[in-house]
Amino acid sequence: MRLYMMNASVGNFPGFLFSAVCSLNNILSSPYTFWFPIVVVVAIAVILIAILIGMLSPLLGRNNLVPWARLKAYEEVATIIFAIIFLSFSSMLCAINPIPALNSIGLVPTECSSSSAVPINNIWGIAVCNMYTFNTHVSEILTAGYWLNFLSDVGPKFGFSPNFGGVGISASLSLSTGPENLYLSPMYFLIIGEIMVSMLQVILLSSAPILFSFLIGIGLIARSFGITRTFGNAMIALGIGIGFIYPLLVTISYGFINTTFTNVLNAAGTSFVNLFKDFTLSFLLSLVYPLFVSSSIYWAAVAVVQIWNILSLLIFLAAIVVMGLVFIPMLNFMILDAFVRDFSSSLGQQVSFLDMLIGVV
Amino acid sequence: MRKYALLIIFVSALLPVLHASSVPFPSGQNIFDCTTLFTNNVNGNSLVSPALASYSSYTSLLKISLLVAFAMIMLMGLVYVLGIASKWDMLKKFAANEYLEDFLSIIIILIVIGGIAIFNSASVTVANTFTVNPSSSTTSILTPASLYTSLCSNMFSNMIEPGLLTEIWIEINRILIGLIGGLKIDLAPSNFGIIFVPLAGFSLVNQLLWIEGGASFFMLSAGAMMIVLLFVIYYLFPLFLYLGIALRAFPWTRAAGGAFIALFVAFYIFFPAIMYQFSTSFSTFTNPSSSAVGLCSSGKTNCVSSPESLATSSFKAYLGVLNLDVGYTAYTNIYYFSYIFLYLALNVFGLILALLISYEVLGIVGRLLGASSVKGSNMFKKILSPNKP
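Protein chains in written order, with the working numbering: chain A, 1 to 361; chain B, 362 to 750.
Only chain A is shown next, with the shape it has when bound in the complex:
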């Protein structure tokens, strides 16, 4: 069943989310990174103008313009260096396959390994795949919760109604108390609400490479001009944050959640096999010979423990999914916001990702 679900999720994996956006050639010829050379041209032009102003300032009797012109020239040199760094960095992001490194510490789920139906070989691909796989797990948990909901009415009802000519008493004993309905339904709706956040994350991640090159392209061009320099710095910080740090965080955190999900399910499977063995042995022994009753009682006790083990694993599984829906996005956005704030302030203009997000919402 589990294998079927895994295969199904791999088979339905929407490769269009990321497969077309990252290759070395794509990045270099992308309409956004195409602007990087223009940045260099603009920066050189500004340097030339600054040098000209610096040369003419003594003739104009404005010696104080010399240090200003020198500062501007240095800032433009910094812009050129930034353009080269980011161009190499974006090329490197596509050229380096992070899967072996992540695999060495077990953070690549089976669904996103290199043998999956859709080839994944970059940080953006693995991030989208992790988020998508997590959403698949959430849908599995939702299905399980839905079927669990039916258990509240499956329990047998025992009744007695001694009645003599229409005069008598009646009472019924129901083993279905319906607590699942009372406690599970709010959790169910909470999970459905949180799934929207997960879905939005898939969209944000699949657009991360475009945002990366687009925001940094705008940032570098804006940085070339004096009046838009601070805005450009903010855009660069945002581009690095959303385009690189966020996919990296998702890869690590959801890689951890997804691999743990599979491992817990495997452990539950082992417990289930043990339970089946214990129960079968106990049942057969008690049938064969009365002397085996003592051992079959023992096996039955073991079976009870195994049932509790399986239940505890399933509770843990649900808690892992809730953790991925609530805690992990909060943690990721908090770290992303800290990065964007600090990186942008070190470049000159502080910008907050979370403030922007809250503003948009």
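Honestly, the hints are just simulated from the structure, not real lab data. Predicted model only: the values in this text are computed from it and were never measured. Warning: the hint list may mix true and false statements.
[Said to hold, decoys possible] Examples of chain B residues lying across from chain A (beta carbon under 8 Å, computed):
hint	residue
1	Leu408
2	Phe431
3	Ile434
4	Gly438
5	Asp547
6	Leu548
7	Pro550
8	Gln568
9	Met586
10	Val589
11	Ala616
12	Leu624
All C-beta atoms, glycine included, are put in the ideal place defined by N, C-alpha and C.
On the provided structure of chain A, position chain B as indicated by the hints.
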């Protein structure tokens, strides 16, 4: 021939018994027993990759971080020389500042390596420093795994166990009350007449049980979430430390690196250590062997000393319904109900306080490492200097 047949039957009867008694009872396989959770082995299955759970996997990352920091120091030396040659003071100041920052990164790396070599982690030191162990049975904390395991066990016995047991007893009570309350007396000869439901008033007790069941379920869920949170922090947060050290090596990402390291220090080291303190105190408070303080100190009667007694006492109280002593039942119901809320409130209070303190530590360490965006709650600052903005 008959003797052999009897012998075979006897041996075949004895073998399964012997086999059964030789098989260890699988009580240690439960995930909430915590030993399996933080030793990364449940039924022979690893919950996370063994490489992720091993500190030795990170030593190579530390070496890389150390290499980057040394390379940056050499680069800054070059920049400083350039500043001297070009007589540009700003460049010299920048290089000197960067040199000091990289030096600080190296000190952090050395502390981490030293911490791993000596204590396996700083969290052990913090836990042992802050924790006063009044009970001799308290597990000694020697490794991060033992700290997290002890804390997890405390959360299980303080929240999951009482929550689960109470929930089970409440459901049994609800079934019984449903049986009694639904009793009908039919007086309908010739298919026409009246029907009495004289004990339907028990629905009032049933309503209380619903609320009490909800509180128990919340306690159970909160305990499970807490254990999973510890699990995530234990295995995932060390990555933030090494990522932070690597990011600190570069001037533009230094603040972000500081934020990562602050996250590690606050939530991997301080949060479990403080939670351990609270959970141990809670266990002492409800432990009947503690004679000086607590709910069940000497001389106090009718105390609820353990989750089991809470659940069974609660159950006995509900059985008062069978004597039609509904007033007494409601009274005792509320009495034990208050115990469930006390259990819940104490644990949640400890959790909130630990989170607040860790958040404060996050701000303090973040600011020390230059991460201006990590502000913390400024709780201590406000307490120590309330008049200052």
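Hint check:
no.: 1; hint: Leu408; in the structure: 5 Å, holds
no.: 2; hint: Phe431; in the structure: 21 Å, violated
no.: 3; hint: Ile434; in the structure: 19 Å, violated
no.: 4; hint: Gly438; in the structure: 19 Å, violated
no.: 5; hint: Asp547; in the structure: 5 Å, holds
no.: 6; hint: Leu548; in the structure: 6 Å, holds
no.: 7; hint: Pro550; in the structure: 4 Å, holds
no.: 8; hint: Gln568; in the structure: 12 Å, violated
no.: 9; hint: Met586; in the structure: 5 Å, holds
no.: 10; hint: Val589; in the structure: 4 Å, holds
no.: 11; hint: Ala616; in the structure: 3 Å, holds
no.: 12; hint: Leu624; in the structure: 7 Å, holds
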